[in-house]
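Protein chains: 2
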Amino acid sequence: MRVKVSELKRLASKAIKYYGYDDKETKIILDILMYAQLRGNNQGIVKLIGKGIPKSGKAGKIKVLKQTKLSALLDGNQNMGMVVVTRAMEIALQKARQHGFAIVGTNNTCSSTGAIGYYADKIAKKGFIGLVFAGSPETVTTHGSYEALFGTNPLAVGIPSNKEPMVFDMATSAMAYFGLVQANTAGQKIPGDVAYDSKGKLTTDPAKAMEGAILPFDRNYKGAGLALIVEALCGPLVGGGFINYNNPRTNWGNLIIIIDPKLLVSKNTFKQNITKLINRVKRAKKQPRVKEIFVPGERGNKLTQKRLRSGWIEAENNLYRQLKKVAEA
Amino acid sequence: MRVKVSELKRLASKAIKYYGYDDKETKIILDILMYAQLRGNNQGIVKLIGKGIPKSGKAGKIKVLKQTKLSALLDGNQNMGMVVVTRAMEIALQKARQHGFAIVGTNNTCSSTGAIGYYADKIAKKGFIGLVFAGSPETVTTHGSYEALFGTNPLAVGIPSNKEPMVFDMATSAMAYFGLVQANTAGQKIPGDVAYDSKGKLTTDPAKAMEGAILPFDRNYKGAGLALIVEALCGPLVGGGFINYNNPRTNWGNLIIIIDPKLLVSKNTFKQNITKLINRVKRAKKQPRVKEIFVPGERGNKLTQKRLRSGWIEAENNLYRQLKKVAEA
Numbered sequence: 184m185r186v187k188v189s190e191l192k193r194l195a196s197k198a199i200k201y202y203g204y205d206d207k208e209t210k211i212i213l214d215i216l217m218y219a220q221l222r223g224n225n226q227g228i229v230k231l232i233g234k235g236i237p238k239s240g241k242a243g244k245i246k247v248l249k250q251t252k253l254s255a256l257l258d259g260n261q262n263m264g265m266v267v268v269t270r271a272m273e274i275a276l277q278k279a280r281q282h283g284f285a286i287v288g289t290n291n292t293c294s295s296t297g298a299i300g301y302y303a304d305k306i307a308k309k310g311f312i313g314l315v316f317a318g319s320p321e322t323v324t325t326h327g328s329y330e331a332l333f334g335t336n337p338l339a340v341g342i343p344s345n346k347e348p349m350v351f352d353m354a355t356s357a358m359a360y361f362g363l364v365q366a367n368t369a370g371q372k373i374p375g376d377v378a379y380d381s382k383g384k385l386t387t388d389p390a391k392a393m394e395g396a397i398l399p400f401d402r403n404y405k406g407a408g409l410a411l412i413v414e415a416l417c418g419p420l421v422g423g424g425f426i427n428y429n430n431p432r433t434n435w436g437n438l439i440i441i442i443d444p445k446l447l448v449s450k451n452t453f454k455q456n457i458t459k460l461i462n463r464v465k466r467a468k469k470q471p472r473v474k475e476i477f478v479p480g481e482r483g484n485k486l487t488q489k490r491l492r493s494g495w496i497e498a499e500n501n502l503y504r505q506l507k508k509v510a511e512a
Numbered sequence: 184m185r186v187k188v189s190e191l192k193r194l195a196s197k198a199i200k201y202y203g204y205d206d207k208e209t210k211i212i213l214d215i216l217m218y219a220q221l222r223g224n225n226q227g228i229v230k231l232i233g234k235g236i237p238k239s240g241k242a243g244k245i246k247v248l249k250q251t252k253l254s255a256l257l258d259g260n261q262n263m264g265m266v267v268v269t270r271a272m273e274i275a276l277q278k279a280r281q282h283g284f285a286i287v288g289t290n291n292t293c294s295s296t297g298a299i300g301y302y303a304d305k306i307a308k309k310g311f312i313g314l315v316f317a318g319s320p321e322t323v324t325t326h327g328s329y330e331a332l333f334g335t336n337p338l339a340v341g342i343p344s345n346k347e348p349m350v351f352d353m354a355t356s357a358m359a360y361f362g363l364v365q366a367n368t369a370g371q372k373i374p375g376d377v378a379y380d381s382k383g384k385l386t387t388d389p390a391k392a393m394e395g396a397i398l399p400f401d402r403n404y405k406g407a408g409l410a411l412i413v414e415a416l417c418g419p420l421v422g423g424g425f426i427n428y429n430n431p432r433t434n435w436g437n438l439i440i441i442i443d444p445k446l447l448v449s450k451n452t453f454k455q456n457i458t459k460l461i462n463r464v465k466r467a468k469k470q471p472r473v474k475e476i477f478v479p480g481e482r483g484n485k486l487t488q489k490r491l492r493s494g495w496i497e498a499e500n501n502l503y504r505q506l507k508k509v510a511e512a
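Quick mapping for you: the protein sequence lines, in order, are chains A and B.
Okay, so the first sequence: first residue is 184 according to the working numbering, each after it adds one.
Okay, so the second sequence: first residue is 184 according to the working numbering, each after it adds one.
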């Protein structure tokens, strides 16, 4: 079915409030969920149905544990991941404006940060290079093993250009954990090369995969290495959990790094050259049946713009119905 | 055949001098080549045979184009890539010691930086997190294309632990360009899924692949995205060439980023937790026929230590013979 974007936002906003968030938090969460929803990223409105995102009863004030001119470490104090990382981003932007660089980590949260491309995009729109990393409990194995060790450990990089920023946002796993949950709920199989069961056999059964482990995205050692690096950045570097140390279930870590390109080159030249780079990649010779070559983030931007222009968005009947139920509860 | 490590070093040192480098440059290049050679990385002594690494007649003084408390941009002035990136690393280390962070870029070189894990390893051994990126002219395609656009664009990350650092060093391409050259010289085929010919067909012929393009390492869009990000960091961000802008053939760019973990957590806790992380990954349940799980850099470290302990190293007869010829020329 088709829904008005404004109506979807209204319902989503009510649903977020239903889960216990105040106006300011609701605005933040809504913005991040709509970013994902509008661009066809699966970290959107779907987060508001099923178990949803109830605010933790343990949530207290976000605390600054450590701070230098270039850095800060935040204790998320069991607040919603998106709210905590947004705070981290704001602090990082402030420091980067002053010094050209900032690094801000967060720990002690246990809920989703949403599509981390959102933060990279925001940072890049201010003219900075943004690197964002997110940790979560162990669901992904390493090369040579079949045991769940790492989170799905996404990384995102935002790079400003003269038009839309280039925003690269990838999980280091072959599938999102949420993909397993969705397939399981829908009674669907998963592809044969994305997950092991608990005995180390490749499985197409999402329920068995949830007891086993997801593979690194390239099913190989480079992907496993990248997943491990993100684990190090979102665990040890920020006081977050990692594998089974430091309470990984309730202590997810996140990291934001901001670099001002003017530390090295002029901001305008940088943006111009990134624009040239993007345009050149888009002009590359295409393989048969490839209609257009997209740079990271571009496909989602186009879909977003199209939906915002028309004011309408496609939504699964089921998703819409359930969202409405929560919003009107 | 087996050669004394000391003898290989002596010959390599003479060969480097034969190519026109002074004592200081020779020491730098030798150290980087031996790092690769001892750990079984293919960016070692083999660089000294065939065309070798003659010092450019155009090489002048390395110049600092821009400098802030946190950053520097170097004009490599056609010096050897390894010499220029070593200088960049030294400057970055100095700044990181003072401020906890440094970013140093280089442009205007056109020769190999060697195994960039070398620099990441050095940085991590000083207790810092090191990120290293290296650009080179277009040999790698993007997702949906078969045209050579990006360099093989390696990235390396070094992370300190209580023992050896964890050093992750990967090309974002499915094969090193040098792998094509080697296969072509040896009259060997390449695997069927690493390169296109100039018409966009997968090829096992290295000569055809050299006229075509190498695939991203995962043969997919995530690898292509990472290759593009490295292209942006080693091109536009440092005034280096990219695709066919800014003289990519003679203007390779490189980037070093150093982060002191103590910006966020105590250095000791960080190292201890990285050590725990490494040990835990090594204890992961193994797949059948997997004897040991290695963390990034570990296999190379073990091989290096074994060779240094015994004082002997295996070397191809042909490599040794040709190296000797250059050294004694």
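Keep in mind that the hints were calculated from the coordinates and are not lab data.
Please read all numbers here as calculations on a predicted model, not as lab measurements.
Worth double-checking, as some hints may not be accurate.
Derived DSSO-like pairs (lysine-lysine); straight-line CA-CA distance at most 30 Å [unchecked claim]: (1) B:K391 with A:K474; (2) B:K192 with A:K241; (3) B:K308 with B:K192.
The hints, checked one at a time:
1. Of the supplied pair hints, the one linking K391 (chain B) and K474 (chain A) holds, its CA atoms being roughly 25 Å apart against a limit of 30 Å.
2. Between the alpha carbons of K192 (chain B) and K241 (chain A) the distance comes to roughly 62 Å, so the proposed pair goes past 30 Å and is violated.
3. Only pairs whose Cα atoms come within 30 Å are accepted, and K308 (chain B) paired with K192 (chain B) is accepted, the gap being roughly 23 Å.
Consistency with the previously given hints fails for number 2 only.
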